[in-house]
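In the order they appear, the protein sequences are chains U and H.
Note that the first sequence covers residues 1 to 1226 in this note's numbering.
Note that the second sequence covers residues 10001 to 10116 in this note's numbering.
Honestly, the hints are just simulated from the structure, not real lab data.
Computed from a predicted model, the values in this text were never measured in an experiment.
Take the hints with a grain of salt, since some may be wrong.
[As the list claims (entries may be wrong)] Computed footprint of chain U on chain H; a stretch qualifies when at least three of its residues, placed anywhere within it, have a C-beta under 8 Å from a C-beta of chain U:
1. 10028-10040
2. 10044-10057
[Unchecked claim] Derived Cβ-Cβ restraints for the label pairs, each shown as a range:
3. U/Thr330 with H/Glu10040: 48 to 54 Å
4. H/Gly10102 with U/Thr330: 34 to 40 Å
5. U/Glu275 with H/Gly10104: 32 to 38 Å
6. U/Lys373 with H/Gly10102: 45 to 51 Å
7. U/Met189 with H/Arg10108: 14 to 20 Å
8. U/Leu371 with H/Arg10108: 50 to 56 Å
9. U/Glu387 with H/Gly10003: 51 to 57 Å
10. H/Glu10040 with U/Leu371: 44 to 50 Å
11. H/Gly10003 with U/Ala225: 21 to 27 Å
[Claimed, not checked] Straight-line Cα separation of at most 16 Å, EDC-like style, residue types lysine to aspartate or glutamate; simulated pairs:
12. U/Lys513 with U/Glu387
13. U/Lys358 with U/Glu406
14. U/Lys453 with U/Asp526
15. U/Lys523 with U/Asp505
16. U/Lys206 with H/Asp10057
17. U/Lys515 with U/Asp413
18. U/Lys322 with U/Asp305
19. H/Lys10010 with U/Asp209
20. H/Lys10023 with U/Asp209
21. H/Lys10009 with U/Glu237
22. U/Lys281 with H/Glu10040
23. U/Lys502 with U/Asp469
24. U/Lys322 with U/Glu414
25. U/Lys502 with U/Glu452
26. U/Lys523 with U/Asp539
27. U/Lys1138 with U/Asp1152
28. H/Lys10103 with H/Glu10040
29. U/Lys206 with H/Asp10008
30. U/Lys240 with H/Glu10040
31. U/Lys513 with U/Asp539
32. U/Lys320 with U/Glu387
33. U/Lys1213 with U/Asp1198
34. H/Lys10009 with U/Asp209
35. U/Lys1138 with U/Asp1159
Just so you know, even glycine gets a beta-carbon here, dropped at the ideal spot from N, CA and C.
One-letter residues, chain by chain:
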Amino acid sequence: MSRNDSDRDEDEEYENLGKARDNRDDDSDLEDSRRGRSSSAKRSNNHRSSKRRDDDDDDEDEDDEDDEEDEEDEDEHDTVSSRRNKKQKRTVNPFLDMEAEVDDEDEDEDEYDDEYGAGDGFIADEQDEAAEATRASKHLDLDRRRREEDDVDLEEQAARFKERYGRRDYAPRRAFQGQQEDIPQQLLMPDVQSPHLWMVRCKPGKEKDLVFSLMRKFFDTEYSAQPLEISAAFSRESLKGYVYIECMRQANVQAALNGLNNVFASKLTLVPIKEMTDVLKVRHKESDLRPGTWVRVKRGKYAMDLAQILDIADSGDTAKVKLIPRLDMTPRTDASYIAGNNKRKPVNSALAGRPPPKLFNAREAEKVDKLNKPTSRGRGVFQWNNEVFREGYLEKDMKISSLITENINPTLDEIQKFAKGGVDDEDGGLDLSAVALSAMSASVTSHFQPGEKVEVTEGELKNVHGTVDSVTSDMIMVRPLADDLKGNILKFPPTQLRKLFKEGDHVKVVNGKYKDETGLIIKIEDSVVTIVTDLNVKDIQVFSKDLQMAANVATGTGTIGQYETHDFVQLDAATVGVIYKVERGFARVVDQSGMTREVEPHLITQKRDSSRAIATDAEGNSIQDGDSVREMTGAMREGKILHLFRTYAFLYNREYMENSGVFVQSTRLVVSMASKSRAQPGMRLDTMNPAMMNMNRGGFGDRGGRGGRGGAMMMGRGRGGRDPLIDKTVTIIRGPHKGYLGIVKDASDSTARVELHTNCRIITVEKAKLAITNANGTTTPVSSMSDMNPPSTPRAGNYGGYGGYGGMTPVRSGDMTPMHNSGSRTPAWNNAGSKTPAWNAGSKTPAWSASARTPNPYADGSQTPAWDAGSKTPRYGGGSAWDSGSRTPAPAWDSGSRTPARGSAWGDSDSGSGNHNGSSGSGGYNAWGDKADSGSGSSGFPQTPAASSDWMNRSVPTPGPFGAPSPAPFTNYPYTPGPNSSYDSASTPSGSNFPSTPAASSSLGSGPGHGASGSGSSLGTNVATPGATPGARMQSIATPGSLQTPQTPAGGPSAPMTPASHFPQTPFMPTGGDYSGMDSHGHSGQVPGYGSAAGGAAAAGPSYDWLATDIEVRIGAGKDGSQFEGGKYQDQSARTIKIPPRSALSSMALCDVRLLSDDRMIQVPAQYLKTVAPLKNDGVKVLSGEHRGALGTLMGVDVQDGIVSLRGENMYKVLTMSVLGKYLGD
Amino acid sequence: MSGIIPTDKKQLRACLLCSLIKKQEQFFKSGCDNCESLLEMRGHMDRVMDCTSQHYDGAIAVMQPSESWVAKWQRIDKFEKGIYAVQVQGRLPEEIEDELEGKGIKYRPRDGSARD
């Protein structure tokens, strides 16, 4: 109603009246008129003119109405006066309407004023001068009052004019009032005088209804006794469940809400003044929709289809979009018409069975629907079924609310479909500008990363290059490169930037379907970049926004679906394969036949697990996933077993390029290389399954006696866990019961319960006080025997009972079998049989040495070099050692047999049994010869003096046991003469042989020698079982050891049997040592004993070959367990300064080293020095192999391999860690 | 006076100039209560469609425009009592904006893009 009566100050009022810039003049006019009490006409004119000006300002275009206004103005007096009657006080201006009306209340007042004024002069005439002065001041007062009244009146009159003016139109056609001077929003902030804002909870969804209701209620009660005393009420979409009411007092709110539904008037919250503006905050959402923008359709037939906006209605709620039509192009019959008309398809099936997107083709459409042909509108525009198609695309008006406008991320594919022209468009190429546009519009800040080079694509700074400085949620700060812009940081929306690349850049795709591909840029066309991928050398096109500079080369994702590289997959019932490469959309698989194929993930039936699969290699050793094996044929490739499948092993070696290093080989054609992992007996197939082993071995052995042996083994094994002493007849050799005879009923580690023959009493006796009574009346102290087969320790049990045996079995059992058969031994053997385990263990073969590890007399034996070696190298040490011995056989043996020393050694032993006896070195063999030379004479053994001595020591006790087990033949052999007496009496072949490996060889020699020398008697016995020999040989042929055996031909028949079998093996050990030495993998270092024992100095050479200057070494225990200077420097690190020449390197060769701890120089024998494994980034020195002596840096460690960057070479080398020493030089 | 209130909630539109909310037919019949002199929507449906938008946020029932801080904040304190939107999407067509400018009225979009 009252539009002008806002509380403004005076000036504003005037302004309001005479909005014109010249209102000052008006004011002065008014002033004048007031002061001069100009006529009411003039005054009204003034009013009119001011009003007119007002109107003119606001409604300049309504000149035509001016006349009307004038008329109105002329009526003014009447209206004003008439209204005044109805209306309140003080509305009358005495100067205006004096003549017109007088009878108003207010008028009276005015009249009084007038009278007052009129009587002025009259009174003045009558009063004195003094009175005049007061009257003058009263005049002033009155004047002021009048002026004040005037102000009010003018205002009200103006309002009245307006009202009247406004009433003329149907809708209030009055001047627009919204225009204001720019009042900064800060000045509009609420203050304490502002009405309060109350927040009221209401039923969500009913907010707007409530606001409307309140409005209605307000109008309803506006003129009632209790009008709503609220000034405003509002709701916001974003503030669900709340209505805000603005009023002065809380009671007003409650009054207003009284009687309204859906509102919880009890929950009133006063909005703090500070937060009032937040409630009304308008979040400006820049409509980023413009023609060309990509959107997706939310629902309907085109749900999720990409669409391009062609035009947007000004109201901003609808847009014309371009779509690839999905038209049902099945020809329509009359029936389908009817059906289509009558039946409405269910909504969801419409989406499921929607036609594929295809550009509209008018000719097709004609065929589809004969009744309703598309009508052409020219220039490729058709109308069909109320839809408009332009150049094949559908143009459709859609509500923007039904479009998805954010995070569209159109793919290049989709965009290409749009970029293609109409159906007849031949070139089908990319409309680059369109694509670029779309690429831009799809660009978001997250695509940019600080540091990236960008180019501005729009605006004033177009083509400016810069680097991204930082990225905010919607803006990208760019540091321009141009000189004149340097130092500034400019802000751009992502749509105005493009990533800048140049041809030849190596990039990585970070988004889209080619995500994670890397490649080289070969072509750049605006935003579309063509790159050649590293992985499969294909051209792909991507947006530059999806690229990032990348140094690394993608190796492929490595996974496809649930499968990844090196997975073992089932392709079909008969085919399995290993994925060797994963590419986009498919995996490359090599199947068990070695064929490669490309397989899509859905063609893979399942993933298989071979982690528990175990197979046997050519040597019968168990192999499983992760083992390293080598082919026996062809390229002799090495590889790690990825998976096993029946008899196929899928191997992997990254060094092979073909099929990314994955290849297939039959398990029968590979041999296991790793011996270390064999140390666990539990892993052994043969130990686990004797039968299996049997078979394997049998395959090689070709022996007739297999079964027997197997039995023996089984038996042996059965005994494995049991103290062999049990059920033995023993003699108590010390203590109060000395001399008593009894049978062992039970035994523990150190004691036995013996049932005495004399009185059937069972007494507990320390084992050490017992001696086993052999069949032939001899006795063997139990102490030694129990040592030989320490059944208490499981391992020993294994070895003794079975493992060791097993290990040796191939050769040995073969050998024995015949013997076994040979009646001559049988008994003894049987006897022994009961002992077999022990015996086996004792058999002095490594297995035995293994047992030697367990503390017992034999352990002593283990100190002999041979033993040492044995016990130290896992190979020799455990039953497994044996295994490995017999496993690695092929190569080892081969090589062994190739080395002259060996052959000669054997030859030696063969021919030279006599030699041996006669003079150790008679043979021309290196090894043996050397040995003999170096040996302290008596026999070859001496070289290993310790050994021999040990052996001797041991042999002292041994005899018993040996004798015991191998009563007849065996005892004959070894025991009788040899062991017991002396070594020299090499005639004691077997016994001595067995125990000390090297000695074995000698003993072999001696064995034959024996034969030669006529001590054949013993041999003879053996010979008695000639058949055995061949068997043994055969066998030995299979196993390396056997190879050698054949070399003991002469003695063959006689000696071969037992000894042969053993010997072969024993010597092999050394060979093995040699071999490993040759391996340069530092095995030699581990088997120095071997070297020395077997090969003597020659063999020892390689073991310290690794020593080099300027590497870090650690001072540790020597090969014999001794410590340098009593452990004074134990575990200290030192730097090698001076190393003896290679030729002089031996275990005792003194090396000058400087302690790292205190820089002291000391001399340490080589045997105490150990390499220190370098760590990543350490300098390294290559200690052996082709790069021996080379310096480099260790870039990384991969299990046992180190990746080394050698100095002066650009390539990385993969070298075994064991050949790397930590280099301390510069 | 009550002709200014929408009769129901269907087809509500908000004036792009003053943000008054009325039904589309109300705009058509009587124009905008505040802006008719400028926008002349009465009787011209196309003008109604151009000058009003159905996308708006919030509804303010203004009972006492001159006293209300809310109305002042929204710069609708000089307008009629009625229901106004807090925010109206869209802008007046450019030619109308030009017209307004010719009349000395600076168009202040109600979509939140105005800054001060």
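Name the hints, by number, that the structure is in violation of. 4, 9, 12, 13, 22, 23 and 30
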